[in-house]
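A.B. asks: Residues per chain, in single letters:
10 protein chains.
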Amino acid sequence: MLKKIPPIITPELMKIMMEMGHGDEIVFADGNFPSAAYAKRLVRCDGHTVTELLEAILPFFPLDTYAQHSVGLMSVVPGDTVVPTIWDEYKQVIAAYDGKEAKIEFIERFDFYERAKKAYAIVSTSESALYANIILKKGVVVD
Amino acid sequence: MLKKIPPIITPELMKIMMEMGHGDEIVFADGNFPSAAYAKRLVRCDGHTVTELLEAILPFFPLDTYAQHSVGLMSVVPGDTVVPTIWDEYKQVIAAYDGKEAKIEFIERFDFYERAKKAYAIVSTSESALYANIILKKGVVVD
Amino acid sequence: MLKKIPPIITPELMKIMMEMGHGDEIVFADGNFPSAAYAKRLVRCDGHTVTELLEAILPFFPLDTYAQHSVGLMSVVPGDTVVPTIWDEYKQVIAAYDGKEAKIEFIERFDFYERAKKAYAIVSTSESALYANIILKKGVVVD
Amino acid sequence: MLKKIPPIITPELMKIMMEMGHGDEIVFADGNFPSAAYAKRLVRCDGHTVTELLEAILPFFPLDTYAQHSVGLMSVVPGDTVVPTIWDEYKQVIAAYDGKEAKIEFIERFDFYERAKKAYAIVSTSESALYANIILKKGVVVD
Amino acid sequence: MLKKIPPIITPELMKIMMEMGHGDEIVFADGNFPSAAYAKRLVRCDGHTVTELLEAILPFFPLDTYAQHSVGLMSVVPGDTVVPTIWDEYKQVIAAYDGKEAKIEFIERFDFYERAKKAYAIVSTSESALYANIILKKGVVVD
Amino acid sequence: MLKKIPPIITPELMKIMMEMGHGDEIVFADGNFPSAAYAKRLVRCDGHTVTELLEAILPFFPLDTYAQHSVGLMSVVPGDTVVPTIWDEYKQVIAAYDGKEAKIEFIERFDFYERAKKAYAIVSTSESALYANIILKKGVVVD
Amino acid sequence: MLKKIPPIITPELMKIMMEMGHGDEIVFADGNFPSAAYAKRLVRCDGHTVTELLEAILPFFPLDTYAQHSVGLMSVVPGDTVVPTIWDEYKQVIAAYDGKEAKIEFIERFDFYERAKKAYAIVSTSESALYANIILKKGVVVD
Amino acid sequence: MLKKIPPIITPELMKIMMEMGHGDEIVFADGNFPSAAYAKRLVRCDGHTVTELLEAILPFFPLDTYAQHSVGLMSVVPGDTVVPTIWDEYKQVIAAYDGKEAKIEFIERFDFYERAKKAYAIVSTSESALYANIILKKGVVVD
Amino acid sequence: MLKKIPPIITPELMKIMMEMGHGDEIVFADGNFPSAAYAKRLVRCDGHTVTELLEAILPFFPLDTYAQHSVGLMSVVPGDTVVPTIWDEYKQVIAAYDGKEAKIEFIERFDFYERAKKAYAIVSTSESALYANIILKKGVVVD
Amino acid sequence: MLKKIPPIITPELMKIMMEMGHGDEIVFADGNFPSAAYAKRLVRCDGHTVTELLEAILPFFPLDTYAQHSVGLMSVVPGDTVVPTIWDEYKQVIAAYDGKEAKIEFIERFDFYERAKKAYAIVSTSESALYANIILKKGVVVD
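Those protein sequence lines, which keep their order, are chains A, B, C, D, E, F, G, H, I and J. According to numbering that gives the first Met the number 0, the first sequence is numbered sequentially starting from 0. According to numbering that gives the first Met the number 0, the second sequence is numbered sequentially starting from 0. According to numbering that gives the first Met the number 0, the third sequence is numbered sequentially starting from 0. According to numbering that gives the first Met the number 0, the fourth sequence is numbered sequentially starting from 0. According to numbering that gives the first Met the number 0, the fifth sequence is numbered sequentially starting from 0. According to numbering that gives the first Met the number 0, the sixth sequence is numbered sequentially starting from 0. According to numbering that gives the first Met the number 0, the seventh sequence is numbered sequentially starting from 0. According to numbering that gives the first Met the number 0, the eighth sequence is numbered sequentially starting from 0. According to numbering that gives the first Met the number 0, the ninth sequence is numbered sequentially starting from 0. According to numbering that gives the first Met the number 0, the tenth sequence is numbered sequentially starting from 0.
If you are wondering where the hints come from, they were derived from the structure by calculation, not from laboratory data. Some clues are possibly wrong.
Listed next, the in silico DSBU-like pairs over lysine-lysine satisfying Cα-Cα at most 30 Å (straight line) [said to hold, decoys possible]:
| id | chain 1 | residue 1 | chain 2 | residue 2 |
| --- | --- | --- | --- | --- |
| 1 | B | K2 | A | K2 |
| 2 | D | K39 | I | K117 |
| 3 | J | K116 | F | K116 |
| 4 | H | K116 | A | K117 |
Note that the structure is a prediction, hence the values are computed from the model and not measured.
Work out the full structure: start from the sequences and follow the hints.
C.D. replies: What follows is the structure, given as structure tokens:
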């Protein structure tokens, strides 16, 4: 543990976020996502929700302001009537830390899997909400 | 995730507990314990308390009924006036899952470090209570 | 060994099943299947039958209820007159633990090999029945 | 699987037995033995009994005829009234395959642990009988 | 060394043959074959002939009875007048251990190389006869 | 790079500082220190001074307030007339970030080497000042 | 540290530059470049600027005099009005050490990424200037 | 060092040459060749010339007598007026040890690179002559 | 295979003998010797006798002429009436290749084991003669 | 290869010398020294003499000016009448590059071996002179 770093952030997760550059993507996946099968680099955060983790990392992690979208969500499968209320939670956290509305891209389920495969890392959580997987695209740190 | 397994238990932690045998010890360490320096096998559970983890693992993990003590706690350093209330929490959890009072050994600080070095594994948590490190000695599984 | 976990489940197999996510597949292969040649992750369970293993893992392992089929069997090669009675055994075990009839897909032999190559893991057994290889697709764990 | 090799013998176990030389020792440990903590080389045979394994390997594995004892058992802890009937089973299997009475050494519990640490390999089983751990000392293969 | 296992079989070779399944192939290559360049798994048997090895392994290794051919030989390059007498030796050994005539496929030189690349293992010998490379396809072990 | 983390801190250094616990030590070594020979974990920061690094890490890294000394410096070798002015720089930086005077232990040269060997990590710099090696003992992070 | 070698050059960077041959490329990347994601071999030089590193390595590193271009820069994205003054700095350093004007190729952003992926190594810096990534193509050392 | 083996041959080079089979190729590359970038297996012989190495290895290394060419040289780039006198040196060494004129293939520069990538090994020297890279194709050892 | 190198010498064995220096020892062990348990570096030569190997390696391997003994044999255990005729075979081979009588040291069985543990390598054979283990101490190669 | 770095210095040797610190030792060993058996880090320079290497590295490698001796040689074994003329060569090279007479320590043969074991690295050459092994103790690089 260090001062100013929330204890929920594992040393490996911090290292990975520091290594990432402009345009690299990180996925925060729910508890049923096939994270171990798809991840280039896997960070396990068993027992935590995605929102807890977003709140911890967003003070450090800049979102991409150049790209058209800096946040990716899995779009509801056609025919599914679920309304993912977790998205509002995500939007609030992002707005709170990033100071502006998130630029969100909705990604079809299988396209989402392909994006996850190419992401720099996947953080597996125990999030139990539906449609709770989220991709963040890293932005630029300026002096 | 699997049915009947609490999501807070990481796959690696479950594997390690299954591998352990009679008399092997596992340490659940607080957030300031030098776990990475001392552990033969390290399982990180950043962001969690020790009690949360004990509640999750004790339904699976048998305590040693043969040994004089199946639980080790770090004894209060002479001169220190703190009264570790977390110990009561531990006793309750152990009693609840194990059906009997924990047989506790109090271990001097530096002896505790030596025991931790020899333990089969150390689970590092973000527990912030004082004197919150605990050693469990594994017992026997009978049919 | 742990309480509540059948001893036939190896620590590695438990870890692998916990790591798997929604849609990931696991193959339980008979003793003559080329498991070592095809497996991304190989778990050896020499000396056991597939049915013994299914009985042990199904209380933990959820089958996919979203996919059209959650179970895959190798279809009888055209011209072969064998009637694989082992399938009835599998259906009974699955029905007993999953509470409903298995949704079975029959897969042509060489397609089965391709599926096995892509599976998250292959569990090699010493099952001696014919047409005894089986693929399980993992479902979702809900609270 | 190969002809003439019982399927319960894993490829790794066969390789290890072939590598062993005169005087090297192998431990067949019960399900509660701390095998993973002590083994130089660990072979997991979860779900099997020690007797099943002895029956499979003794046609191949020569016992030491030069040493005073070729078999080691853990002696009953003083005060313990248990009578390990499994020992008779072991003696019968050894006599059947080796053609003569086993030369058995009884080893005090903690000395047994030390011997296990130095053994060439430990085979972990799910044997549930008491005092069921056994050490075999390898003999010489003659033309 | 073990009883009943010819000493020429290395522990690694035995392990590899046990791991192989139905349809997997193993190449016994002569001393000039580029084994190290092509092998997925390489077993060196320097100083031995192919025939010595076939005699040792065929009592254990079942040939495929389902496939059209269970044995592959490199066909004589067009224009080459050599008559590979070693083939008769191979046929005799196979007939002796397998109880029936070998079903031999003749493979063009460069096709043979491609098959060797995909084989489960290549065993490199010091065989000096011409056209002495041989592929065996593993069959099924039945109770 | 991340927001709020000085770019001079490498991802590996941050990870290591997060992994360290109460009482673990880290050495910031000058450019001529035999860091690679002694380090359990080596972090290279070629081209930087020790002071630059202390300024970057001290906002995150708590010094031990329990131990008698939280900072170690190599004492001037008897007979050497050098007065290490770099020490004043270190004291100022520590006082600035830690809010109190550093509790410094002066360590004889060869004892210093032994301490460095046991430290959790050594950070090698290109610091060119004399007697510029410094050991920091990690303290406790409290809520 | 060695005589005649600037301390900013890490041992790993020197080794890599020595290993490179005629036509191999090395990228010096700014602090936001996704170096860890793209590099075959990654050298971290956190806390330094690209210019500092160029000044250190150019006395040793020959630029390619055979190729049409020995230096690559990322061309300004169409529509972007920034004028990268850092380029003048690079040109001066190259001219100073190489004795002639740099032969510069301007590379479209995504082509630059592809070149970086194929480069022998990427050196990640904390350079904060815009359009500051630079590729050097290694030339020939003559007696 | 061994009797009858020239000391310039490294243990690794000898092992690699022994492992190679009929048709495998080895490249002896000059000091500016990008050997580390292209080699499947790299043997460094810094400080030596190609000719010194050829003289040492040719008494052991048979050239291919079956292939149309057993030696490959990089053809002079069109427009380049250099006359590679080193080739005569190579021809003499090969003739001296192989007893007949070398069958040389001239390979266009970029085709040469592709061949080098596929070679069993590349030996990097400090040869400073132009057009000094050479490929040897291994032949057959006969009794 | 190479010209002038007997095919029975494996590439790894040749590499190991080349790496050894003055005073380093190599053990050629019989088929029942616990080679895998004791060897720092193990070379398997299954299926061969020790004499075959000595004949192959002695033209290359210099025996130590400085040490009091350059050859070690295991002395007959007191009470054992066996007369190891294999020793005469060894003496003849050594005399033939080394040009003088071997300077033999007889080593008590357990001292022999200790020597084997410290040897640079152990070569395991399938030699079946009694008391057939032999240690060679490497000498100096002179121009 | 790089400008200003002699080609005889391998990339690995340069890296190792850069990593070494004040007081670390490096051994340049002759061709019969048991380098591979004793080295923590081994750099092979087969085919070269020690003097060639000293000439190449001494412009970069500072000798220790603080220690009583910065150079170690193996003292002539009592009774041996050889006069190692190579020492004069070494003294000349050291004086030429270091600008002053070498401070030489003569080390008894077995003490030399112990020093070599603890050295940061051993460079194995093919030097054939007697008593040609030499230890250099690294000094300090000052601005």
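A.B. asks: Quick one, are K116/J and K116/F close enough, alpha carbons at most 30 Å?
C.D. replies: It holds: about 18 Å lies between the C-alpha atoms, which stays within 30 Å.
A.B. asks: K2/B and K2/A: Cα distance at most 30 Å?
C.D. replies: violated, 37 Å
A.B. asks: Decide if the proposed pair is consistent with the structure: K116/H and K117/A, CA atoms, cutoff 30 Å inclusive.
C.D. replies: It holds: about 27 Å lies between the C-alpha atoms, which stays within 30 Å.
A.B. asks: Measure nothing beyond the straight line between the CA atoms of K39/D and K117/I; if it is 30 Å or shorter, mark the hint as holding.
C.D. replies: Roughly 19 Å between the alpha carbons, so the hint for K39/D and K117/I holds.
The structure is inconsistent with hint 1 alone, although it conforms to all the rest.
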